[in-house]
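Engineer: Sequence lines, in order, name chains A and B.
Under the numbering used here, residues 330 to 577 are what the first sequence spells out, in order.
Under the numbering used here, residues 330 to 577 are what the second sequence spells out, in order.
Treat the hints with care, since some could be wrong.
Copies of one chain are not kept apart here, so a pair can be met inside one copy or by any two copies together.
Said to hold, decoys possible - Subject to a maximum C-alpha distance of 35 Å in a straight line, what follows is the list of computed DSBU-like cross-link-like pairs (lysine-lysine): (1) K373 to K577; (2) K461 to K373; (3) K373 to K546; (4) K577 to K461; (5) K577 to K546; (6) K461 to K563; (7) K461 to K546; (8) K577 to K563; (9) K546 to K563.
Quick caveat, the hints were computed from the structure, so don't treat them as lab data.
Number of protein chains: 2
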Amino acid sequence: MNGADLLDRVRVVLSHTTHPGNIGATARAMKTMGVSRLYLINPKIFPAEEANARAAGAEDLLCAATVCASLDQALAGTVVAVACSGRHRDLSHPQLTPPEAAATLIDYAHDGEVALVFGTEMSGLTTAEVMKCRWLSRIPANPAYSSLNLAAAVQVMAYEMRNAAFAKAESGRASPAALSAGLRSGELASFDEIEMFYRQLEQKMIVIGFLDPANPKRLMQRMRRLFARSGLEKEEVNILRGILSAIK
Amino acid sequence: MNGADLLDRVRVVLSHTTHPGNIGATARAMKTMGVSRLYLINPKIFPAEEANARAAGAEDLLCAATVCASLDQALAGTVVAVACSGRHRDLSHPQLTPPEAAATLIDYAHDGEVALVFGTEMSGLTTAEVMKCRWLSRIPANPAYSSLNLAAAVQVMAYEMRNAAFAKAESGRASPAALSAGLRSGELASFDEIEMFYRQLEQKMIVIGFLDPANPKRLMQRMRRLFARSGLEKEEVNILRGILSAIK
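With the rest of the complex left out, here is chain A (with noise of 0.2 Å):
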């Protein structure tokens, strides 16, 4: 698979996004690097005259752009995803720069589609969007004024998915994603399915009276912490829902 080939495989996830204009610089931002996949989850506005405008040429993308209700559906079908977020968090979620964030998307573009994944202008994506994804990237910034305009964020992050995808044809050394691929051997599941896993196991934690729905703590996210660093394939997570199945 070729550079573009794997650019072809990358979504730009914004969510909720308040501002039309940067939809369109976003666009712009995007097609500049070859990537074209868009998903917008509950735009505040869009269509709209200033997302064209600001396109600037990239206007295709925007009409071919899907528009969701959830980050569920925006992240369905995809293998896995990052999320570039400016805030400082506390959870200990796995943490790349954007060029590891890159050279392991476009690894894992190889196995099916990636998403990158950016969240509202003023208070960026919330915890259970950051829960949803594998990995956290944040832009090396001025702690002073750390604010990246949304769309300069997706610009940033995408130079740097078309660097790691026309520089992996150079590089001889192996790959992290590679690496762990030898403790692989099947298709990898996809978002969708691994959510309907962690349902199920919220679920029956609950009947087996081991999660208090009252008072759950932090079990879940230990729990998808976990399953996020194996990488889960498609068979492994049958097994998986087939033991809690079994479980009465």
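Given the coordinates of chain A, work out where chain B should sit on it, guided by the hints.
Structural biologist: Below, chain B alone, put in the same frame as chain A:
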């Protein structure tokens, strides 16, 4: 000299900018990366309300901007400059990739002020302007649509400047150890703790009728492979064993 001091010696020069919004967005892009010295050569409209609006907290850079009549004025006192241009040029000006350009400028920043020079929105830098710079740098882009927005191009170059200024000997690609370390926060479980978990898991799968001891297939091997990939922590083993214990 530390990273912030080096970035303090970086000028961003915009030549003949048409849209004041781009000047404001450039100020924001610069400030997020810790670059603050903005030089404007004959801007079409400046100062402007639209510039202030798009600066979104970086108006201080606009107030401190130096308006010049020529590139010579804007580069006065600098030691080297890089021309940033998306156009392919037949003149054989020495070219650097963005990370090379950033690393080179940051090296020279130890000696004095350095500059990144950007042309007008429609046609970029003139040949005469490029000839006044020591190097040319081009952000790699989609050949079918290579026109980055001016402020987006500044964002990418300023991002690379920050990376170079704060560079620690990093390869860009996450090492496998770094990748799994990011995913982990607690103390790793010991071999025997994990073995006890596997025994309990196997036992419970038999109890619930999911595993037939007469025909176990390779179920436990598969489970071992999955959890081996994740590198279980002590507390995770405790949680998993707690779940198994709660299954009656």
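Engineer: Is it within, between, both or neither when you check K461 against K546 at 35 Å Cα-Cα?
Structural biologist: both (17 Å within a copy, 33 Å between copies)
Engineer: Classify it for me, K461 with K373: is the Cα-Cα distance of at most 35 Å met within a copy, between copies, both or neither?
Structural biologist: within (22 Å within a copy, 46 Å between copies)
Engineer: Check K373 against K546 for me: Cα-Cα at most 35 Å, and say if that holds within a copy, between copies, both or neither.
Structural biologist: within (33 Å within a copy, 53 Å between copies)
Engineer: Which holds for K373 with K577 at a C-alpha limit of 35 Å: within a copy, between copies, both or neither?
Structural biologist: neither (44 Å within a copy, 49 Å between copies)
Engineer: Given a CA cutoff of 35 Å, do K546 and K563 count as a within-copy pair, a between-copy pair, both, or neither?
Structural biologist: So K546 and K563 pass the 35 Å test inside a copy (28 Å) and across (18 Å) alike.
Engineer: Classify it for me, K577 with K546: is the Cα-Cα distance of at most 35 Å met within a copy, between copies, both or neither?
Structural biologist: Classified as both: same-chain Cα gap 24 Å, cross-chain 23 Å, threshold 35 Å.
Engineer: Please work out whether the CA atoms of K577 and K563 approach to 35 Å or closer within one copy, between two copies, in both situations, or in neither?
Structural biologist: Answer is both: 24 Å inside a copy and 28 Å across each meet the 35 Å cutoff.
Engineer: For K461 vs K563, is the C-alpha pair at or below 35 Å within one copy, between two copies, both, or neither?
Structural biologist: both (17 Å within a copy, 24 Å between copies)
Engineer: For K577 and K461, with the copy left unspecified, which applies at a CA distance of at most 35 Å: within, between, both, or neither?
Structural biologist: both (28 Å within a copy, 30 Å between copies)
Hint compliance for this structure: hint 1 alone is broken.
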